Every structure is written in structure tokens, then in C-alpha cells.
Amino acid sequence: SQKIEQNSEALNIQEGKTATLTCNYTNYSPAYLQWYRQDPGRGPVFLLLIRENEKEKRKERLKVTFDTTLKQSLFHITASQPADSATYLCALDMGNTPLVFGKGTRLSVIA
Amino acid sequence: DVKVTQSSRYLVKRTGEKVFLECVQDMDHENMFWYRQDPGLGLRLIYFSYDVKMKEKGDIPEGYSVSREKKERFSLILESASTNQTSMYLCASSFGMGQTNSPLHFGNGTRLTVT
Numbered sequence: 001s002q003k004i005e006q007n008s009e010a011l012n013i014q015e016g017k018t019a020t021l022t023c024n025y026t027n028y029s030p031a032y033l034q035w036y037r038q039d040p041g042r043g044p045v046f047l048l049l050i051r052e053n054e055k056e057k058r059k060e061r062l063k064v065t066f067d068t069t070l071k072q073s074l075f076h077i078t079a080s081q082p083a084d085s086a087t088y089l090c091a092l093d094m095g096n097t098p099l100v101f102g103k104g105t106r107l108s109v110i111a
Numbered sequence: 001d002v003k004v005t006q007s008s009r010y011l012v013k014r015t016g017e018k019v020f021l022e023c024v025q026d027m028d029h030e031n032m033f034w035y036r037q038d039p040g041l042g043l044r045l046i047y048f049s050y051d052v053k054m055k056e057k058g059d060i061p062e063g064y065s066v067s068r069e070k071k072e073r074f075s076l077i078l079e080s081a082s083t084n085q086t087s088m089y090l091c092a093s094s095f096g097m098g099q100t101n102s103p104l105h106f107g108n109g110t111r112l113t114v115t
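Here the protein sequences come in this chain order: A and W. For the first sequence, counting from 1, position 30 maps to 30 in the working numbering; every step adds exactly one. For the second sequence, counting from 1, position 35 maps to 35 in the working numbering; every step adds exactly one.
These aren't lab readings, by the way, just hints derived from the structure by calculation. These numbers come from a predicted model, not from an experiment. Just so it is clear, CB atoms sit at the ideal spot from N, CA and C, and this is done for glycine as well. Keep in mind that a hint or two might mislead.
Claimed, not checked - Per the computed footprint, the stretches of chain A lying under chain W, defined by three or more beta-carbons under 8 angstroms from a beta-carbon of chain W, are:
hint: 1; region: 27 to 38
hint: 2; region: 53 to 61
hint: 3; region: 79 to 88
As the list claims (entries may be wrong) - Quick partial rundown of chain W residues pointing at chain A, CB under 10 angstroms, derived from the structure:
hint: 4; residue: K55
hint: 5; residue: G58
hint: 6; residue: S82
hint: 7; residue: A92
hint: 8; residue: G107
Work out the full structure: start from the sequences and follow the hints.
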């Protein structure tokens, strides 16, 4: 079955730096890959979707890449701020089943 | 904005009780989902539905059932609550019947404690 790994459980970075989060998967490449943000005590909130034929997607300070050869997606937050501190989840869409979520990476941006 | 409302933020029930978790969405979405979220295990899919009266098992359906009598409402039922069902339960919806690339809209969760 498909496995998803987000590189680390927690990541601490300095304010103003670029945060890079990794999502790796095994087996088949998904048709789509999605990223979500989750704050403590709240449900996840959708951020970005990238298709398998797209290399990169941007939204304001966020950038997502998708490398089907490496079976990896990278999620970047540039000029990070303390308000970016949250847990970030990647989710794979295989095209015929509901989304499968990674366990998330808890990002802390230190002022 | 899509709103997914879960009836309770916190719930405490006793072992053996029948528990109903309610979820309502206001954007006419076809698809609805129930997940549970536990530390170290992430989000796990319990049941989902692509249409009224339709339901499909997810990855961990044992001990649960669901009901979808109306398009906007998806209920999760714990037939006989057990302590290992203590968890955060998250409901989500998305548009497009069976369209799996639609972003999910989540409620804020129900934290259930079974004692």
C-alpha cells in the first residue's frame, strides 16, 4: 500500500529564513498532491494542490514542488514568520480513492 | 466560505455507550468524510460518502458506522464506545461526487474521551 513520510516530526527555524518541508512517498505516483496547515485544536486548512505534470506551484510566500522521479514533494515557506508556526500535512490523491495523509511536520518559527 | 460544523468540540462518554458525532456542511458538497487523528498516527480515514445514502469503509471502520440521510449531514456512530476510541474526530467535505482531487474542508473536530 502507499506510504507517505514527512521528513521530520518537528522543524525549528529562525524568523526570516526559508522553511523547507519534505513529503516522500513509495509505490505509485499520485495524480495530485495537496498540502494543508493545521493549528492546535483546529481542523486542517487546504493550502495548495499540485498535479503530477506540474513541477512547481506558488502562492504568495508558499512554493510546492513535485518530483515524480524522486517520489518527493517539497513545501517551502519563504521569509518565514512566527505566525507560520503550525503543523503542515501533505496528502496524496491517487485518483480513485480518498486522500491519504502524512503524519505532518510541526514547524516552529522562532523570532 | 465553506463551513463544516461539528456539533460538539468536547465530549466525554462512558464505555459501552452509543455515541453520535454530527457533522453539517453548508456548501452543497457531495463528498463527506470522517477521520480520526491520534498523536504519532496522523489522520486515518474511518468512513466516507460520495452521495446521500451512500457510504464506503475507509481504513479503520471497525467499531464505527455512519449515516447520511441528507446531503449536508454526515453522522458518525460509535455503536459501543471503548477507551481505544478516545481521539480527535474530524469531519470533512469536498465538491464533485467521487472527485478525489477536490480540496477537503474540515470542521474543527470533536475531542472524544471514553472513560
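*So which of those numbered hints doesn't the model satisfy?*
2, 3, 4 and 6
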